[in-house]
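**Q** Taken in sequence, the protein lines are chains A and B.
Number 76 marks the last residue of the first sequence (our numbering); no jumps.
Number 164 marks the last residue of the second sequence (our numbering); no jumps.
Hints listed in this document are in silico derivations from the structure and should not be mistaken for laboratory results.
Ideal Cβ positions, reconstructed from N, Cα and C, are used throughout, including at glycine.
Check each hint, because a few of them may be wrong.
Claimed, not checked - So the derived label-pair ranges between C-beta atoms look like this: (1) A/D68 / B/I48: 33 to 39 angstroms; (2) A/K38 / B/A110: 17 to 23 angstroms; (3) B/L159 / A/F12: 28 to 34 angstroms; (4) B/S15 / A/D16: 49 to 55 angstroms; (5) A/K8 / B/L83: 34 to 40 angstroms; (6) B/L130 / A/V59: 23 to 29 angstroms.
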Amino acid sequence: MRLGNNLKRCRFDHDDISQAALADAIGVTRQTIISIEKGHYVPSTLLALKLARFFGRPVEDVFHIVEDAPGNTHRG
Amino acid sequence: MQSNVESLIKLILVSLLVAAGLAAWLLPRTRFVTSRRIGDRAFVATHIIGAACGALGLALLLGVPERTLDWHLWELAVMPYVLANVYWIVVMRRARPAEATDEKQSSNIAAGAGLALAPLTFAMFAADRLQSNGLFLPSQCFPYFILALILSFSSSTLLVFRRG
């Protein structure tokens, strides 16, 4: 399983706030927001909660678990 | 001639180090540096400088070893990277160190350091082989290690950063 996110949708719903403005508001760099949106970087719990609080939503609305397709599981 | 050049380079190195030390101490107390965060551009620039300094220093050290050691050219090659890190120190002293870099940058640095172990181990193995064949001076070992470390760490961190 991996971490999915609705960050792009949340930004759109939040007056289409730009990645740079969101990064400034949260206190991270724009590259971090880009990487989270693309699913390349898994944020810390603190950052995930900060993002959820910024959008005024439960954290589960911003981040969710994506289950692997059957037969695509990893051992260990 | 040689001692004049050596003295001049030593003077430049000491002057730069003293200026960097004063900057790291004084600048955070002034209004000249307002940034409290290492931005993406500064992060990337620092590691590009590191990779370039490491590569240049290694080229000098392996190409003209005696002159590089006698004239302190490898220390001169490393100086831009040292100054870039002084900027980090200045920013970190204006903010709390944990706030100066964001968590992805910290994660990239940690991953870059881990990734750098592989090329660094290979570089040290190569140096060991060269030394056992008499092609590598014992006095080259420390500069070689520092330069290879900076090159591999900066390159690896850039690679990890670019991959997201």
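**Q** Against each hint, give a clear statement of whether it holds in the structure.
**A** Cross-check of the supplied hints:
At roughly 37 angstroms, the beta carbons of A/D68 and B/I48 sit within the given window of 33 to 39 angstroms. A C-beta distance of roughly 20 angstroms is found between A/K38 and B/A110, which places it inside the suggested range of 17 to 23 angstroms. Between B/L159 and A/F12 the beta carbons are some 32 angstroms apart, a value that agrees with the proposed interval 28 to 34 angstroms. At roughly 51 angstroms, the beta-carbon separation of B/S15 and A/D16 lies within the given 49 to 55 angstroms, and the hint holds.
Distance hint check: the CB atoms of A/K8 and B/L83 are about 39 angstroms apart, consistent with the given range 34 to 40 angstroms. The given range of 23 to 29 angstroms is broken by B/L130 and A/V59, whose C-beta atoms sit roughly 55 angstroms from each other.
In terms of the numbered hints stated before, the structure departs from hint 6 and from no other.
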